[in-house]
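These protein sequences, in sequence, are chains A and B. Using our numbering, the letters of the first sequence map in sequence onto residues 1 to 332. Using our numbering, the letters of the second sequence map in sequence onto residues 1 to 332.
Hints may be right or wrong, so weigh each one.
Identical copies look the same in the list; a pair holds intra-copy or inter-copy alike.
Unchecked claim - DSBU-like cross-link-like pairs, simulated, lysine-lysine; straight-line CA separation at most 35 Å:
#1 K91 <-> K227
#2 K2 <-> K91
#3 K91 <-> K232
#4 K232 <-> K2
#5 K2 <-> K227
None of these hints come from the bench; they were simulated from the model. Remember, it's a predicted structure, so these values are computed and weren't measured experimentally.
Protein chains: 2
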Amino acid sequence: MKKFVNDPADVVREALAGVAAAHPDLRVDLAEQFVVRADAPRTGKVGLVSGGGSGHEPLHAGFVGPGMLDAACPGEVFTSPVPDQILAATKAVDGGAGVVHVVKNYTGDVMNFQLAAELAADEGIRIETVLVDDDVAVEDSTWTAGRRGTGATLLVEKIAGALAEEGAPLADVAAVGRRVNELSASFAVALTACTTPAAGRPGFELPDDEIEVGVGIHGEPGRSRQKLRPAKEIAALVTEPILTAEPIASGEPVIVLVNGLGATPLMELYVMFGEIARLLDAAGVRIARSLVGDYVTSLDMAGMSLTVCRVDDELLRLWDAPVRTPGLRWGM
Amino acid sequence: MKKFVNDPADVVREALAGVAAAHPDLRVDLAEQFVVRADAPRTGKVGLVSGGGSGHEPLHAGFVGPGMLDAACPGEVFTSPVPDQILAATKAVDGGAGVVHVVKNYTGDVMNFQLAAELAADEGIRIETVLVDDDVAVEDSTWTAGRRGTGATLLVEKIAGALAEEGAPLADVAAVGRRVNELSASFAVALTACTTPAAGRPGFELPDDEIEVGVGIHGEPGRSRQKLRPAKEIAALVTEPILTAEPIASGEPVIVLVNGLGATPLMELYVMFGEIARLLDAAGVRIARSLVGDYVTSLDMAGMSLTVCRVDDELLRLWDAPVRTPGLRWGM
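So here's chain A without its partners, still in its complex pose:
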């Protein structure tokens, strides 16, 4: 294993120390292990908290800041954050208007966020939970009952974060988050497996001439192993399941995220974006906005995911609203 780590057991805490050093406009609680906007809590503002296993950076800590998350709770690598950690972050951002938990649909995350929500409720904090389950590759998976939560998490956090920033009430912020999730579909493909610092070797075996189609963001098995093939054919493999799962009307606008899983050069992601744009265009889908880059990663996995989210003018307005986080920034 070749990684920039000291003791693998310390990697998450040491990375958080780096986040603290790099981003003075964020506050990092190294003891409770969460990242929060320096100006939290903001009185009267709905708080937005997410979290999940580490190894998917910039998700989630990289999306903390004005216009997006108020706090993020990174668990250990590929491991859910614990309830006390989530509770501490929730209390840190509670400005009296309630807190929305954005939770990717993995069994551990769901359970621990639910426990934290109950503990927070006991302390008088109103909690709404938005479950993200956009990955259409498989119905149930290694750590999932139901679909996995992947790339749409970014869209949920951005759009719900924008509405929360405007001062919308708890129910509305949760509702728009749920709506974004319902309108989104994702599908990923892996060229290589990823290696956690603790394990020190790839999480699964993938022959030199094969790809994992429908892979999860922890390397969970997808729909099939297939032979490596040209980019345009792989683009079809990731686009078609989304068009099948998500009924997109002709001319309907969408936000498209072509996301790198960690070790894929940006040049290749743009090749894929070009191919996917062609396929979407042929299907009558209108790309209203797009992102190309590493946003929801799987450590050092080579691969990519496609997320498509159907949008209307209101969702586009919220998408375009100013955001200032380490991983996503515009308008301020």
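Dock chain B against the given chain A, drawing on the hints supplied.
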């Protein structure tokens, strides 16, 4: 080789087609192979053009937009752009106030930009060239007479771009670019070699337990091969040569770029940032601004580089000025 490509010979053009599809506020000339701001040329504004071999994305095409480059000329992978291509981009951005060429110090780039500058001068366009040679690892290298140009290119493009956006004259824009280069120093380390699509195999051999200290962005040899070691020791290996090469006064503010070379997880870059921040702090250096992420890459190389640039209030003001490009964006 596992990559998202079709015919490796087409990868640069196909990636540019993806850039065109993803960024409607840029114009991509697929025939002449350059990327330009959609509103170019802007009358009376100094144009800023850069370019170099592909494989370092988002550099340079990802830095085209208001507040940074007016145009970028991507060559084939790890290959200089040709003079006609540079000339076409130069003409596309010439608004009558002259054009600055930002050139990384590699023999092919220097030669081809010089030829293009002469051709442009023949057509009545005033050209100034800013040569970037910030890499303090080695004095001469595989494709270099003198030091290599690496991470400081981003800082030169951002700061000179901000001054050009304000309407400063040609000589001033070139002067601030040269000043940023003089105040910058970089040093890189590779954990793995990178693989070009055309070659299909790693560009050099690096044993499983060794790292290349002082590596170039094409995998050029550095100062030494050393045994893999903990992050804090690698941080010292990249920080010390910079502190030796660049005389930084106690308390002097700097911009720090901790840059991933392509396949290194962001989590590890933050671990490195934390270690480097500690070392800089111990040396009395004040981190005024920082960037952590993949900005000047080497395809799928695992590794990182550190760039430190001494700054004053004016350089910080230009750094903070609004920028809107695919790879760097704030304030708009």
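Legend entry - Identical-chain pair category, K232 with K2, by Cα at 35 Å: both (32 Å within a copy, 14 Å between copies)
Legend entry - Homomeric proximity label, K2 with K227: Cα distance no greater than 35 Å: Intra 27 Å, inter 11 Å, cutoff 35 Å: intra and inter.
Inset, instruction - Up to 35 Å between alpha-carbons, please classify K91 paired with K227: within, between, both or neither. - result: neither (49 Å within a copy, 45 Å between copies)
Inset, instruction - Tell me, please, which holds for K91 and K232 at an alpha-carbon limit of 35 Å: within, between, both or neither? - result: Classified as between: cross-chain Cα gap 34 Å, same-chain 48 Å, threshold 35 Å.
Inset, instruction - Please work out whether the CA atoms of K2 and K91 approach to 35 Å or closer within one copy, between two copies, in both situations, or in neither? - result: The answer is neither: 38 Å in one copy and 46 Å across copies each exceed 35 Å.
When each numbered hint is compared with the structure, violations occur for hints 1 and 2.
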